[in-house]
Amino acid sequence: MAIGTFEFTADGVKPFHDVQSTTSVSSITVPVGDSNREGMVLVEGFLTPTSSSAHLRARLKNSSDSTGRACKWRTWGRTASGSGTRGRNVDYFQITANDNVYNDTTVFGHSTTAAGVSFHLWISLFNQESEPYKDVLFHYRSIYQNNSAFSANGHTMGQGTVMNGNGQDITQCSLYFTTGDIWQNRVRCYNFFGN
Amino acid sequence: MSLAFEENAIESFDIESGVPGNVTSVTVDLSNASGTTDGNSGFLIVFGSFDTNADSVNTTMRATFKSSDSTSQNGISGCRYAGGISVAGGTNSGANVINFPVSHDNYNTGGSLTGNFGGERSNFMFQISINGQGTDSSAANGYAHLSGTYGLTSDTGELRSYFPDVRIYQDDYDKKIKTLTLTLDGGATFNNFMIKVFKLGAMNG
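Going down the list, the sequences are from chains A and B. Per this note's numbering, residue 1 is the first one in the first sequence, and the count goes up by one each step. Per this note's numbering, residue 1001 is the first one in the second sequence, and the count goes up by one each step.
Bound conformation, chain B alone (with noise of 0.2 Å):
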């Protein structure tokens, strides 16, 4: 989808709002609109929410980073993460992939205390900022910045919000951010997953 203004607005990039059912994952592609280029895209928010699969499941939503090159380990190939409660180092979990917590808890994400599918609802922002270092070797080093809120409801009904940041490595230059990808683990699904990506800042169309 190409960017189109309207009268009072951008359009949205891009909205993934029909997953009613229970997925393993979401991936945003942060790409430029023609998917082909990596790490085009300068400054994007991006919206979601959903609720879970079971209320007995504990989980943790994972956010990860992918460049379009799966050979080399150097493009994209490290992070700090911050969730307001802890500050450490994210890994890569394969060539080219950045995998961290932005929850750093455990909850029962369902929401059988509230007795409506409101009630039940999971929720996050984040603001993400892609600076790549490009086709210039001597050019400094590029990077990735992930800030944002989320807020995980838990078995009692309550949210827990938090508000991470995460800045990803782009050591070598010409490997840069293509996909976000959301999954939950301990076998949880995310359910009705509602997301909007706003693509505000571009560096090539």
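Okay, chain A solo, but in the shape it has when bound (with noise of 0.2 Å):
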């Protein structure tokens, strides 16, 4: 189903995009925006890394960008690290603040399922620059196992916007983790707000 459309049913409005894959990749890239660039848009969804020292980043671009928009971003929350983080001027933001993902697929039991992250990022758009600010914003929660301590849980909540003049024209956001690939993934993209 085409971003910007809807497909209704007795109980809400489709995802537009509904991905799953048990393979080994090094970003999924979902879309966020269609040629209207407006709206809010939700993309929520449960990764798992190949590497247990992995972040899980975020990359905001259109199609034909290499690497994501500027961002100035800050996370809070309780981190397993012990603090939140931030960023500014920089082409990702962190969904995990400075905390790991970890990837053991035989912790507490749940056997293949107990470590990695989960997140809901909620994208606004905008396609204009003139003024008034047409702001690209973006607002984050996760959750995800940090390692094998039972108790060492991260909790992290972030927002941010897009930096420059052209940051508007988003229609993507692309997801990796800072060392190794996704291995597990499910990700979903609803636009219940327009787009």
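Just so you know, the hints here were simulated from the structure itself, not pulled from any lab data. Quick caveat: nothing in here was measured; it's all calculated off a predicted structure. We put the beta carbon where it would ideally sit given N, CA and C, even for glycine. Errors might be hidden in some of the hints.
[Said to hold, decoys possible] Not close to chain B: a few residues of chain A, all C-beta gaps over 12 Å, as computed:
id	residue
1	Phe126
2	Lys134
3	Met163
4	Ser174
[What the hints assert, rightly or not] Between beta-carbon pairs, the in silico distance windows are:
id	chain 1	residue 1	chain 2	residue 2	range
5	B	Asp1185	A	Ser51	36 to 46 Å
6	A	Asp18	B	Leu1159	30 to 40 Å
7	B	Met1125	A	Asp18	19 to 29 Å
8	A	Lys134	B	Ser1025	38 to 48 Å
Both chains come to you apart, so use the hints to assemble them.
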């Protein structure tokens, strides 16, 4: 289903993008904006890394960009690393603060999914850069297993904005870990609020 | 109730507003409109508020996810939760039951010092995504993620607010979350419970 279109059921609108895979990939790129590049999108997912020393990051970009648009962002929460983190004028934002997302597949009796990170990422889009400013904004929450210790889990919330003047033409969100690949993944994108 | 669209908004899927007396639990059906299919909900927002039966009761609000399969332990089998204070693992409290506190402190949740109905109210808002594994055993493992805020009113009338995130593992294929039940421990009961369930995302109607 194309982004910006809706398929209604008796219980709500279907996601315009719905993927899952057990094949390792270096990154997952999902659509978040169409030619209108407006509205607000929810990206929600569950990713497990192949490495146990990986932070989850996201890039906002369009299809012709080789990397993400510059962002300014900050996180806080009860992180496993003990503090939040921030970035300015970098091509990504960090969904798991400075925490590693554990990749062990046999922790605490959960045969396959004890590790990994799940998240809710809201992205508000605009397509014009004339005054008054129409910024691209993002807010997110995540929870994840940090290492094999039962108590060493992480919990992050963060928010930020795309910095540069051309940042409004965002159409894609790319998810990746700082080390290794994405092992298992599930990602869905909704546009409850137009696009 | 089926989803309906009004002039300016989506009609709320379900409103359990008529619970004026004391109740020990409130269960929210997270399945589809017919109530027969688990896990077809994609994304929901749940708002609720309440006061408790007595000012002197120390209590913790707990949330329990269940699937309709009461025989297998593998359907939804664990969780991690965080409330802004600590992060820990949840426990299975029965076959396909995940029970975790959404408050980490006990407070007198009455409002004896405020002396008015509004001042005694506690409240919460949960955003819940449900992304189960489905019937394909080779598919990536499923999960549900609850993210929200809640505030419990203490006996001084202050609101103690937190921001829980919870992940439920739906390890086994085709075992998916059907209900969310809220309870108070310590012998407390909900009073004048109000809840709204907005079912925004769905996989099937």
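Do the hints match the structure? See the list:
Listed as outside the interface, Phe126/A is consistent with that label: its C-beta sits roughly 22 Å from the nearest C-beta of chain B, beyond the 12 Å cut-off. With a least beta-carbon separation of about 23 Å from chain B, Lys134/A lies farther than 12 Å from that chain, consistent with its non-interface assignment. The beta carbon of Met163/A is kept farther than 12 Å from every beta carbon of chain B, the shortest such distance being approximately 26 Å. In this structure Ser174/A is separated from chain B by more than 12 Å, as the shortest Cβ-Cβ distance comes to about 18 Å.
At about 40 Å, the CB distance of Asp1185/B to Ser51/A agrees with the hint of 36 to 46 Å. Take Asp18/A and Leu1159/B: their Cβ atoms lie about 38 Å apart, and the range 30 to 40 Å holds. Range check, Met1125/B to Asp18/A: about 25 Å between beta-carbon atoms, so the 19 to 29 Å window is met. A C-beta distance of roughly 46 Å is found between Lys134/A and Ser1025/B, which places it inside the suggested range of 38 to 48 Å.
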